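*Asks:* For chain A, the structure is supplied; the task is to place chain B on it using the hints.
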Amino acid sequence: GQQVMQIPQYQHVQEGEDFTTYCNSSTTLSNIQWYKQRPGGHPVFLIQLVKSGEVKKQKRLTFQFGEAKKNSSLHITATQTTDVGTYFCAGSSNDYKLSFGAGTTVTVRA
Amino acid sequence: GAVVSQHPSWVICKSGTSVKIECRSLDFQATTMFWYRQFPKQSLMLMATSNEGSKATYEQGVEKDKFLINHASLTLSTLTVTSAHPEDSSFYICSARGTTFYEQYFGPGTRLTVT
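Protein chains in written order, with our numbering: chain A, 1 to 110; chain B, 1 to 115.
Because the hints were derived from the structure by calculation, they are not lab data.
Some clues are possibly wrong.
The calculated lysine-lysine pairs, modelled on BS3-like cross-linking and capped at a C-alpha distance of 27 Å, are [as the list claims (entries may be wrong)]: (1) A:K97 - B:K20; (2) B:K64 - A:K97; (3) A:K97 - A:K57; (4) A:K36 - A:K51; (5) A:K70 - B:K41.
Because the structure is a prediction, the values reported are computed rather than measured.
Isolated chain A, as found in the complex (with noise of 0.2 Å):
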């Protein structure tokens, strides 16, 4: 079946730093969507990414999605105390479920 895989599992991130997070997927996907679970609570739509080579902006969040629809990235710039969370991937065929990536948890040091 369609596995989703995310990279990398932690992120220790240096406040006014940037970085980024990376999923691929062993199959085309119709869509991607981007979620992400603070400690303690649960996960919340960040955005969905449908088309080949799309990239959507979300402030500080860059979204792109792979010319082949296979892989996808969240860029972060200057991390701020609330990006701190973990950040899923969630990839979609036709079918309207969704796989999700590992996640990639990102904590901050001031």
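*Replies:* Using the frame of chain A, we list chain B on its own:
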């Protein structure tokens, strides 16, 4: 965004008993609801997909007789963990999607502890 509630938020039960968890979409009609299980510091594992008015579709390795799912209305799905054992202790999260959007909105989760 759309709101999904889940009840109870936590439950402790004795081994051998059954526990029911409710998932409700509060401000939209959820044609599809999903049930996930999440172990500490791990990702979400999809257990089953339920569509209103039809039987749930279970993922490989998930026992349908142990995890009973009912999606009786467009706003309510329930997960019943039957004859619970300590290894069933976990964080169970539901999510829902409507007819007009792809993304899923998650409930706050239910932490189940089986003693």
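*Asks:* Hint by hint, say whether it matches the structure.
*Replies:* Taking the hints in turn, this is what the structure says about them:
no. : hint          : result
1   : A:K97 - B:K20 : holds (23 Å)
2   : B:K64 - A:K97 : holds (18 Å)
3   : A:K97 - A:K57 : holds (24 Å)
4   : A:K36 - A:K51 : holds (21 Å)
5   : A:K70 - B:K41 : holds (25 Å)
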